[in-house]
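Position chain B against the provided structure of chain A, taking the given hints into account.
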Amino acid sequence: MKFTWFNLMPWPYLPDDFRETHRSVWVDIPNTLYDPRKGHHVYHTYLDQLEYAETLGFDGIGCNEHHQNGYGLMPSPNLIAATLARRTSRAAICVIGNSIAGYNPPIRVAEEFAMLDVMSGGRLVAGFPVGTSMDTNFCYGQIPALTRDKYREAHEMIMKAWASDEPFAFDGKYNQLRWVNCWPKPIQKPHPPIYIPGGGSIETWDFCLDHDYNYSYLSFYGYLRGKSLLDGYWERVAKRGKDDSPYRAAFAQIICVADTDAEAEQLYAEHCLYFFNRCLHVFPPFADPPGYRTMATVKYGALSQLTRARQKILENLTWKQLVDERFVIAGSPETVRQQLEECIKGLRIGHLFCLLHNGNMPDWKTRHSSKLFAEKVMPHLRNLWPDYKHDERWWVHPMDDRIRPEEQRPGAPKERAEWPR
Amino acid sequence: MKWQTLDTKKGTRCRVLEGGSGAPVVFFHSAGGLLADNPFLDRLAQHYHVFAPEWPGYGESTGEELLEDMLDFALHGWDLVDALALRRPHLIGHSMGGMIAAEMACLAPRDLDRLALVAAAGVWLPDHPIPDIFAMLPQEIAEVLFVDPARGGALLTGGADLADIEALKDFYIVTQRRLAMAGKILFPIPNRRLSKRLYRLTAETLVLWGAADRLIAPAYAAAWKALIPAARVQTIEGAGHMLPYEQPDAFVDALVRFLG
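Protein chains in written order, with my numbering: chain A, 1 to 421; chain B, 1 to 260.
Note that these hints are calculated values from the structure, not bench results. Careful: at least some of the hints might be erroneous.
[Said to hold, decoys possible] Below, a list of computed lysine-lysine pairs in the DSBU-like style, where the Cα atoms sit at most 30 Å apart: (1) K389(A) <-> K242(A); (2) K239(A) <-> K227(A); (3) K414(A) <-> K365(A); (4) K196(B) <-> K10(B); (5) K196(B) <-> K225(B); (6) K320(A) <-> K365(A); (7) K345(A) <-> K239(A); (8) K196(B) <-> K173(A); (9) K10(B) <-> K173(A); (10) K299(A) <-> K10(B); (11) K173(A) <-> K9(B); (12) K299(A) <-> K242(A); (13) K185(A) <-> K160(A); (14) K320(A) <-> K345(A); (15) K169(B) <-> K227(A); (16) K299(A) <-> K169(B); (17) K345(A) <-> K389(A); (18) K239(A) <-> K299(A).
No experiment lies behind these values; they were computed from the predicted model shown.
Pulled out of the complex, with its shape left as it was, chain A reads as follows (with noise of 0.2 Å):
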């Protein structure tokens, strides 16, 4: 099994009454609830945090892009992985990852990834979502029904400029441009590994089947919701004759560790709480606009989305529905193993995105939480995949001879006690 310590980096200010004084966290969110003064502490506690999660042996530390929204502060997540290439020497940088048919022109993220896995000597996990329609549509404008074509095509020409050793004209309905000529190219050949997060549509699973990506489920509903639609992409995968190695497919779950299950309560409820009630409280036209979705998947899922199920699901939730349904593993290492085994094994996953910090969780919680993972959880969930012990096809390769810069700087980062008032 392969762990990555992921932040989600959300917004931890956003006021008690958000839900009955705002209709979204993204979008339209008055930026006068950010500060920035604040935003610098934020943003540092956050780094640390990945830091600190490579000194703990995770093999990933990962981060996402999402715009004008205070569910996560990185419109930019290659700058945070850029912070990251000089702070760390051994976990993959996974960024999950640049949603690509909002850059104009693409080629941009050729160059930006490329820069990331020479800057971290070969340890970037490259991602390509769609994009949330929040941020693919709304905020970047691009238009609904024409921004899986133009995906489609920015994929196309990223790929092509990795892999070409010789200028070429690119001559596509979105972009065009008469010299690519990626300068510079990434240190993993043939490229680094790329991961395709997606929701349940079959042409996103066979987008990653054509070309052997890795798919990541990125779900805050947690393991039993998920597995109907991880049953689905198995079944797919035996359908086109590829094999099932677990490290096809990722998936996110809420994590909170404590020495008891009631002390976990305790000490993340209202953590939890403040994600699921103020950083998913998003206005449901944002979420759905017409043509973002295929009319197949449309009909497909029409009633779920009809009813607004997902915001229903999230009016007057309690800490015990959390933990019941799943959507947060929490409580002792011993029953964290017990359900992360039931997770790993029921999704047949061979990497797992840890969502360690939650809402407004403060850094000694986050670290505490972290520690008591990766020393008394992570160890026993190692080798659940004897079977596919090497198979590193989904994984990084970075080079031996790297440049470890934070090793010459004395210490790990502080942690810290309260957020700043």
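Using the frame of chain A, we list chain B on its own:
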């Protein structure tokens, strides 16, 4: 009036509502499509030979994947006129349909007789930002489209009971398909630089507006008049953005006076 289906040279298959006799008039519908009942078309057909095509992506018309940008949309309009074998028809366009009709008139100004733009999209005034119809709940859409949102909501859904989950599902799927198509020329801002080309629009033009339009404010009527060489403006009271449905008599009277 009755439906016919025709194929364009490009490969779309379109359903067209046809009726009446006299001078040919083509009506292009708005982003919401033709509704279940279109009484203004029946009244118009008492004076003219009326053709009201459904755009690909709407109703039974297909081939939406063949139309991607403004030029595709405008040429599709002329492809329809060709497929119907019409010579110099009058063009009437409502909202998105007005945007398309105006673009058609700029491309081929000698191929139409007169032009009526009804609460047309296609121009953007920074002081009068048009509400984002792609970021609205269904009830909010009725509120910006109609003077009387309750009555308008019923018109939009064709009287279907949206408390019934199957009816709601059908309505949702139909709406998603229509607006996905409309988004190609209206998202994120309904301006494809038509204003640069309107100097070519030499047809006599009537700009018709509902006095209580909450989607595209009546201030836009003056902007169109200023951009089009031979345009006059008429405003109709008691109507919002869905003027043809809200005041069908006044709407048809204004057109008959203009088209003769």
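Broken hints, by number: none
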